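2 protein chains.
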Amino acid sequence: MSDLLESALNPQSVAVIGASENIHKIGGRPIYYMRKHGFGGRIYPINPSREEVQGLKSYASLAALPEAPDLAMVIVGGDKAVDAVSQCAARGVKSVVVVASGFGETGEEGRAVQRAMVDTARAAGMRLYGPNTQGLANFGTGALAGFSTMFVEVPPADGPVGIVSQSGGMSAMAYGLLRGRGLGVRHVHATGNEADITVSDLAWAVAHDPDVKLLLLYLENIANPELLARTAAYARERDLPIVAVKAGRSESGQKAASSHTGSLANEDRAVDAFFRHHGIWRVRDPHAQALAAEAYLKGWRPEGRRLVIISNSGASCVMGADASEELGLPLAELSPATRADVASRLPGFATAVNPIDITAALLSNSGLFGDVLPAVAQDPAADLFFINIPVAGAGYDVEAFARDTAAFERSTGKPVVVAAWQDSVAAPFKAQGIPTYANENDALGTLAQLASHTALMRKAIVPWPAAGAAPALPPGTGRFLNEAQSLAVLAAAGVPVVAHRLCRSAKEAADALAAVGAPAVVKACSGDVPHKSEHGLVALNVGTAAEAAALFDRQWAELAALGAAQEGVIVAAMRRGQHEFMVGARIDPVFGPVVLVGDGGKYVEALQDVAVLVPPFAAADVTAALRTLRIAPLLEGVRGDPPLDIDALAAVVVAVGQLIVGAGGAIASIDVNPVLVAARGQGAVVLDALVERGD
Amino acid sequence: MSDLLESALNPQSVAVIGASENIHKIGGRPIYYMRKHGFGGRIYPINPSREEVQGLKSYASLAALPEAPDLAMVIVGGDKAVDAVSQCAARGVKSVVVVASGFGETGEEGRAVQRAMVDTARAAGMRLYGPNTQGLANFGTGALAGFSTMFVEVPPADGPVGIVSQSGGMSAMAYGLLRGRGLGVRHVHATGNEADITVSDLAWAVAHDPDVKLLLLYLENIANPELLARTAAYARERDLPIVAVKAGRSESGQKAASSHTGSLANEDRAVDAFFRHHGIWRVRDPHAQALAAEAYLKGWRPEGRRLVIISNSGASCVMGADASEELGLPLAELSPATRADVASRLPGFATAVNPIDITAALLSNSGLFGDVLPAVAQDPAADLFFINIPVAGAGYDVEAFARDTAAFERSTGKPVVVAAWQDSVAAPFKAQGIPTYANENDALGTLAQLASHTALMRKAIVPWPAAGAAPALPPGTGRFLNEAQSLAVLAAAGVPVVAHRLCRSAKEAADALAAVGAPAVVKACSGDVPHKSEHGLVALNVGTAAEAAALFDRQWAELAALGAAQEGVIVAAMRRGQHEFMVGARIDPVFGPVVLVGDGGKYVEALQDVAVLVPPFAAADVTAALRTLRIAPLLEGVRGDPPLDIDALAAVVVAVGQLIVGAGGAIASIDVNPVLVAARGQGAVVLDALVERGD
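Chains as they are written, first to last, in our numbering: chain A, 1 to 695; chain B, 1 to 695.
Don't read these hints as lab results, they were simulated from the structure. Check the hints yourself; a few may be wrong.
Remember, identical chains collapse to one label, so a pair may be satisfied in a single copy or spanning two.
[What the hints assert, rightly or not] EDC-like, lysine to aspartate or glutamate: derived pairs with alpha carbons at most 16 Å apart:
1) K36 with E153
2) K57 with E21
3) K25 with D397
Since the structure is predicted, the reported quantities are computational estimates derived from the model, not experimental observations.
Could you build the full structure based on these sequences and the hints that come with them?
Here you go:
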């Protein structure tokens, strides 16, 4: 952790500018909290109208302090806040937490004031948190430069979870929910408007706290993706799971976000791809973050997804089987030996298949759970265990079930979760440290998340070979390369493109037809007309040289009529293939290069059957992405079709990705549509492409 | 309610065969429960080895009773249960509840025993509940012919909810969850193996209890869809919402269901369509049933879906906006007057757009909620209200928020729900009778469900005109009509079909080409070869009479080579259209005729972009179904395409539906693929069809 972050998360001295005697006020709470939670450093209340605040000597100003504090909190608002930041900079404060709101979230004027504060801070080598932040809290040291109500509502306990959030409310909510589940929390930090310090900065710092075993983030925009990516890489290295909420998924959500913290929008599909690439698991809200926390903290990192369900209710077995199919947790196929063993322990009318229905017989024999669990545990087919008890109570020895379950978990180390909505049934399992949920959905969802996230965290990111020289783009200043130029750039990058000729006369067009062979495609070529089919400038099934020559004349004239540069007419072979795909790449303003692959053809935009990849990625990542498409069933061949050559398609996607990355900004976007993919072993070929110059 | 059902739900006398002194045993509980919950009728314990059971005179046998009881419970198992049913039948018992398990759920042998019991019962005019059932419970009368543990765990209270379930466990779970939310429950009935009485029978009976305002069902199969449909119609008439769980959605779930209650599978897509058609809302589990119960019982039946979100957290506003978009609850566009009014009541830095962020200023001004709510309430743009308080506690006057919210609800009658996960924050709202949820998802999900379900319940089912004569099918015994016959059946039903001729010679084929015009399609026609393209028996783009004649000869010979009846060769016009759809109809073994419409072409089965409709339906239902397809964006025309003639397509779908219904079983299925749909106003035409004969 850098010294500057150290000064904020582990300060030796804290000044509170706008300190209050009232422990329920924002200016009173940090002092109250630090003293209550054992902060060992020096606290300096600053309030010119008091001698003492909460029993501590109060100072008239920063200048009056005996030392430059590591950290200062600015509680005062408006112009006074701006002044206070200047005074902090002048006094040598290392970190300033600006609680005051009314800056960047209110509009351009506020953003300008905010920027000026940051300039002041940076000039003095001071880091700024906020403005519009609830502050920082480190329960490891008692450094509580924050004012959340939640620390009064739910008593803190130091523990292995770190929370970093743009929103104070969401950090408090995650904190409260975790504490409500009996989990300890070390860090609760909010960044507010992120004028200087972002979630990524604090995530980096918290990830380096060796006691932190789970890192939860809440984001409304991703201000510093590069640092977040490095944090994620470091976290994967030390097996620290990161679970993030990224709000503003929708258009209206992004609009609301910008009036909340003044943040800019991220394209949500790219956010998903970015998180997936870096092994960060995305969930919808702090409830979901808290739900899975216990299972992560157990240290479970399942190798597989094969599920065993055990219940005393047949209906729960049915619903569990439904949920397992939805969640992609296949029911483990127990071996004949296991099934015989289980059946021998169950009363005659119970089944010994998975889901295992131990039936209401549990009421008369409380040892059934303890009998059945070890029998199943020996089976190597089982990765994950789910116990569902929708009804129990008087007459059931729930304490024994819980003990047996815990013993099973200890001896196998395999993940086992319980669903029990009755508090009396859940309590003994919770007391035994078994993650226990009110409903099946949450329980199985947690197992699925754990299995998927573990696989994601363990997937290596293999760097691409360093790019050689940037691709040679033809001279010119137009935004778009014409089709011939675009195809040439792809061909130079090793992408197979359709046989074609760029013709400058009717004669050349007629000759070209003979060269590429009939039937052919004839299409006008001009950087000024990137979407030529919309202008009727594409002719298919051209069979004769005469037709080709006539089409040349017509299209050449049409370019002139459109006022477009007459750069030529392309005569290309008409190729047959089995399926048309699209491959795209663009420089996302936030994430940099991102690559798209999906169902191709005319309706790409309308149907949006597309997957997003973040470089660097391997061919295997492309084929995995293809399997998430709605058209995935076609990949293996249906209705007598042979399987598609997805390896050839994947090679195109990788090459397009390396091309845009290697161009280092010289290419803004690449749009390849269609890529015609033939049967396995028969390759893929690009029929049309459009390259957009970067700045 | 029929007398027989009356005898079960409201018996005057109950015998318990296998009565026990021990109130924790299955044979002890019903007696204990009835006496505890005020059953006013006569209870007859039957236990030959005791003089008294729980202080009541015990009888040695049914024969020894002073009267024939209305209802008898059979607790004894195995052969004794079978004997007991016979004795009940002999004694004149009206209803028998067979608790014993080990019958239909164990296999064919058990099913045979079960059928024999039902035969015995029916011969005597007695109705049978179960076997393998937890029994019946009516808290309105204290008639508790059931043994659920849950009635001990969670004290009963009579109320406006009825629960009917195949599974005893799920009925108990729904009961417990509702009681946990403070709601009263009148009926808790389980049907087990449904050898005689099904969920539909009991749903019909409970729907006729005028005190029941919400009916919850749990099903693993739908044994009696016709009665369930009538129940749903009656329920809609009296504004009684039905919310159902249908488990066994997946293949593995259906497998588990069959070993649970021996039930048969329903195709899940058809289940969805059936529920939607009849205005029954489907949810995934009893948790979801309980979640929305309060909102239904409020009597809220929202006319629209426009949502207002109010929160003291900006992040919650962002996440709420995201969720509203996902759930199709558009944020209400408040009028300028409302916005000005709201803004005037909020501190300067808060926004007055929807979502309304009242910010942490709530801490200093507890009246903000009460100020803002009436200002918004006047706006006619708002249908639904959501208040999200992710953080509150010391310093917040939550009691005042709750009072203000309740006053708002009383004065407007508009649905308002709250999300507050802190018990201390939720409690005052709950005390005011406001539906309050732990998280935003549940709260907004409830509003969305309420709005959607209300619209579904109010949608009229317009009956189709009575079918005239059944469609004339050509004579023959083959399973499939040939294509020419199939097209003729459709044409006779008023469906536009492509111009075509069935040819029996090369000469006829050549003539037909001239008649239908080139280019044409030439395809072999034989009821023995329903999937002709798989045999290469379809030729496209046939341009000349000579080609047509040659193709006739080739295909005619090929039919012979395949050993298929040589019924002819079709020469049809090649038609152009904008998009190919599929329309299908079949007799579902459970639900009867169902109709499918979806994206057409070669990959219909692989891509499954299909909607299911249950007759009778209107053209508007078809267009609504089309809008649920993945290809829906294409309907209105994209990339320069004109909008499609979906009215013409809808007319085809209605005609196909009326055709299969009118055939009264003579047609097993109709497969129309493709229906070529042109631009709006240009119609739709069937290019190929396959009609399958019924039995």
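Evaluated hints:
When the C-alpha separation of K36 and E153 is checked against a cutoff of 16 Å, the pair qualifies only within one copy, where the shortest distance is 14 Å, while the shortest distance between copies is 41 Å. Taking CA atoms no more than 16 Å apart as the test, K57 paired with E21 passes inside one copy only; the shortest distance there is 12 Å, against 75 Å between copies. Taking the shortest alpha-carbon separations for K25 and D397, only the inter-copy value of 15 Å comes in at or below 16 Å, while the best intra-copy value is 49 Å.
Consistency with the previously given hints is maintained throughout, with no hint failing.
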